[in-house]
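Visitor: Here's the letter readout for the chains.
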Amino acid sequence: NAGVTQTPKFRILKIGQSMTLQCTQDMNHNYMYWYRQDPGMGLKLIYYSVGAGITDKGEVPNGYNVSRSTTEDFPLRLELAAPSQTSVYFCAVGDSEAFFGQGTRLTVV
Amino acid sequence: GIQVEQSPPDLILQEGANSTLRCNFSDSVNNLQWFHQNPWGQLINLFYIPSGTKQNGRLSATTVATERYSLLYISSSQTTDSGVYFCAVRLYYDYKLSFGAGTTVTVRA
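Chains as they are written, first to last, in my numbering: chain A, 1 to 109; chain B, 1 to 109.
I should point out that these hints are in silico values taken from the structure, not numbers from a laboratory. We put the beta carbon where it would ideally sit given N, CA and C, even for glycine. Each hint should be verified, as a subset may be incorrect.
[Said to hold, decoys possible] Straight-line C-alpha distance at most 16 Å; calculated EDC-like pairs for lysine to aspartate or glutamate:
| id | chain 1 | residue 1 | chain 2 | residue 2 |
| --- | --- | --- | --- | --- |
| 1 | B | LYS96 | A | GLU97 |
| 2 | B | LYS96 | A | ASP95 |
| 3 | B | LYS54 | A | ASP95 |
| 4 | A | LYS44 | A | GLU59 |
| 5 | A | LYS44 | B | GLU5 |
| 6 | B | LYS96 | A | ASP56 |
| 7 | B | LYS96 | B | ASP27 |
| 8 | B | LYS96 | A | GLU59 |
| 9 | A | LYS57 | B | ASP81 |
| 10 | A | LYS44 | A | ASP56 |
[Claimed, not checked] Restraint-style ranges between C-beta atoms, simulated for each label pair:
| id | chain 1 | residue 1 | chain 2 | residue 2 | range |
| --- | --- | --- | --- | --- | --- |
| 11 | B | THR80 | A | GLU97 | 21 to 27 Å |
| 12 | A | ASN62 | B | TYR92 | 36 to 42 Å |
| 13 | B | LYS54 | A | PRO8 | 31 to 37 Å |
| 14 | B | THR80 | A | ASP56 | 35 to 41 Å |
| 15 | A | GLN17 | B | ALA17 | 44 to 50 Å |
| 16 | B | ALA17 | A | ASN62 | 40 to 46 Å |
| 17 | B | TYR48 | A | ILE15 | 38 to 44 Å |
| 18 | B | TYR93 | A | GLN17 | 26 to 32 Å |
| 19 | B | ASN18 | A | SER67 | 45 to 51 Å |
| 20 | B | GLN3 | A | ASN62 | 34 to 40 Å |
| 21 | A | ALA52 | B | TYR93 | 21 to 27 Å |
| 22 | A | PHE99 | B | ILE12 | 26 to 32 Å |
| 23 | A | ASN62 | B | TYR93 | 24 to 30 Å |
| 24 | A | ASN62 | B | SER26 | 23 to 29 Å |
[Said to hold, decoys possible] Not close to chain B: a few residues of chain A, all C-beta gaps over 12 Å, as computed:
| id | residue |
| --- | --- |
| 25 | THR7 |
| 26 | THR24 |
| 27 | LYS57 |
| 28 | SER69 |
| 29 | GLU79 |
| 30 | VAL88 |
Extracted from the complex, chain B is given alone in its bound form (with noise of 0.2 Å):
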């Protein structure tokens, strides 16, 4: 099945900072979100995301279809960004949604 990697693994930013997470997937996908899972569980959608760039206030986003990777941006970190982060993907050609294994993201302030 397909492989996504995200990194860093962990990310511990002071409020006001930037940052980047990654995601890396091995196969053409037809769909990428982006989901933050804040300290109470709940999965909330970022991003749908299968290629181009999009905007949303600090958090914005690129993939990279042809590359097989897609960015997370965060700017001006608040500590209601902290959570894990989560890329998940779906193949052309299958019907399953994969996630990788999250960043977790700690923002001090």
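Next comes chain A alone, as it looks inside the complex (with noise of 0.2 Å):
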């Protein structure tokens, strides 16, 4: 039982780049969440779902994209990447209970 898995662990991103963050579930929950976290700082809220098909905007959407497709994968899109976009990204699962993945920490250089 994996719970909440994230990849990458680590990633070094190009000006301009474009990559995908995974998150995916085994605990079967319709609400899934990102995160991000600068350094020194709280979680902020990108993105989140409650279920296929449905995504919501949250506090600091701009320059991310999403999809839900499945109940068990929730992957998060960036673009055009900028150094603003440095950070540590968190997904977290929970329709009560929220639970946390590992964290991907994000470099843009």
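Work from the hints to combine the two standalone chains into their complex.
Guide: Here you go:
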């Protein structure tokens, strides 16, 4: 039982490149979330989903896109990476209690 | 949106001391959680406590939903308690899980 799995754990991107952060759950929960955490700061909600085919914006959605085609997967897409997107990205899952993945540390240079 | 305020922002403790962390929120919630972010960045679930009192070893938490606050108690603190403690809430009529700014706890030997 893996719970919440995020890949990759680390990534360095050049400005303007694109990438997809993966989040997969085996908990069969409907609610999934993407957060970013800048150094020394709290967690800010980027996007969330309440079920397959349903997504909505959080506090800081600009520069990101998501999709939710299955219950298990909730990928986060960065289309044109910018230095301001350097951060640690966390995926969370939970219809009541939420559980977090290990995070993806992204650096844009 | 909902306001989540945590206090104090920073706390320095001598090993063995007790402490209380507070989380105030601005609206009625159906989900309140406390997390510990360890020095390696992992987010560890401490309590899922939308109301009432729970205890887990040296940690306990109380949420008074009608008065819109929650307290996290750390007793006989240890150096491994160091890190950032986050409170997160979800409104009755919303799906977003919103975080406070956190309390940074440093326990000195």
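Visitor: Against this structure, judge whether each hint is valid.
Guide: Structure-based check of each hint:
1. Straight-line distance between C-alpha atoms of B/LYS96 and A/GLU97 comes to about 13 Å, which keeps the hinted pair within the 16 Å bound.
2. A threshold of 16 Å between alpha carbons decides the hint, and for B/LYS96 with A/ASP95 the separation of about 11 Å falls inside it, so the pair holds.
3. The straight-line distance between the Cα atoms of B/LYS54 and A/ASP95 is roughly 20 Å, outside the 16 Å bound, and the hint therefore fails.
4. A hinted pair counts as satisfied when its Cα atoms are at most 16 Å apart, and A/LYS44 with A/GLU59 qualifies at roughly 7 Å.
5. With a C-alpha separation of about 14 Å, the suggested pair A/LYS44 and B/GLU5 falls inside the 16 Å cut-off, and the hint holds.
6. For the suggested pair B/LYS96 and A/ASP56, the alpha carbons sit about 9 Å apart, so the restraint of at most 16 Å is met.
7. Of the supplied pair hints, the one linking B/LYS96 and B/ASP27 holds, its CA atoms being roughly 13 Å apart against a limit of 16 Å.
8. For the proposed pair B/LYS96 and A/GLU59, the alpha carbon gap of about 10 Å is at most 16 Å, so the pair holds.
9. With a C-alpha separation of about 34 Å, the suggested pairing of A/LYS57 with B/ASP81 is violated against the 16 Å cut-off.
10. Between A/LYS44 and A/ASP56, the direct Cα distance comes to roughly 14 Å. Compliance with the 16 Å bound is thereby established for this hinted pair.
11. Range check, B/THR80 to A/GLU97: about 23 Å between beta-carbon atoms, so the 21 to 27 Å window is met.
12. Look at A/ASN62 against B/TYR92: about 28 Å separates their beta carbons, and that is not inside 36 to 42 Å.
13. With their beta carbons about 35 Å apart, B/LYS54 and A/PRO8 fall inside the hinted range of 31 to 37 Å.
14. Our hint of 35 to 41 Å for B/THR80 and A/ASP56 holds, since their Cβ atoms are close to 37 Å apart.
15. Range check, A/GLN17 to B/ALA17: Cβ separation about 48 Å, and the 44 to 50 Å hint holds.
16. For B/ALA17 and A/ASN62, the hinted distance range of 40 to 46 Å is satisfied, since their beta carbons lie about 43 Å from each other.
17. Checking the proposed 38 to 44 Å range against B/TYR48 and A/ILE15 shows it holds: the Cβ atoms sit about 40 Å from each other.
18. Separation of B/TYR93 from A/GLN17 is about 39 Å and departs from the stated range, judged on CB atoms against 26 to 32 Å.
19. Distance hint check for B/ASN18 and A/SER67: the Cβ-Cβ separation is about 47 Å, which falls inside the suggested range of 45 to 51 Å.
20. Here the CB-CB span from B/GLN3 to A/ASN62 is close to 22 Å, at odds with the stated 34 to 40 Å.
21. Taken as a hint, the range 21 to 27 Å holds for the pair A/ALA52 and B/TYR93, whose Cβ atoms sit roughly 22 Å apart.
22. Remark: the range hint 26 to 32 Å for A/PHE99 to B/ILE12 is upheld by a beta-carbon distance near 30 Å.
23. Checking the proposed 24 to 30 Å range against A/ASN62 and B/TYR93 shows it holds: the Cβ atoms sit about 25 Å from each other.
24. Between A/ASN62 and B/SER26 the C-beta distance comes to about 25 Å, which sits within the given range of 23 to 29 Å.
25. Consistency note on A/THR7: stated as away from chain B, and its beta-carbon is indeed over 12 Å from all of that chain's, at 16 Å minimum.
26. Even its closest Cβ contact with chain B, about 17 Å, leaves A/THR24 beyond 12 Å, as expected for a residue assigned away from the interface.
27. At roughly 10 Å from the closest C-beta of chain B, the C-beta of A/LYS57 falls inside 12 Å, breaking its exclusion from the interface.
28. Non-interface status of A/SER69 relative to chain B is upheld: no Cβ of that chain comes within 12 Å, the nearest being about 19 Å off.
29. Remark: the non-interface label on A/GLU79 is consistent with the geometry, its nearest Cβ contact in chain B lying 23 Å away (cut-off 12 Å).
30. Its closest Cβ contact with chain B, about 6 Å, brings A/VAL88 to no more than 12 Å, contrary to its assignment away from the interface.
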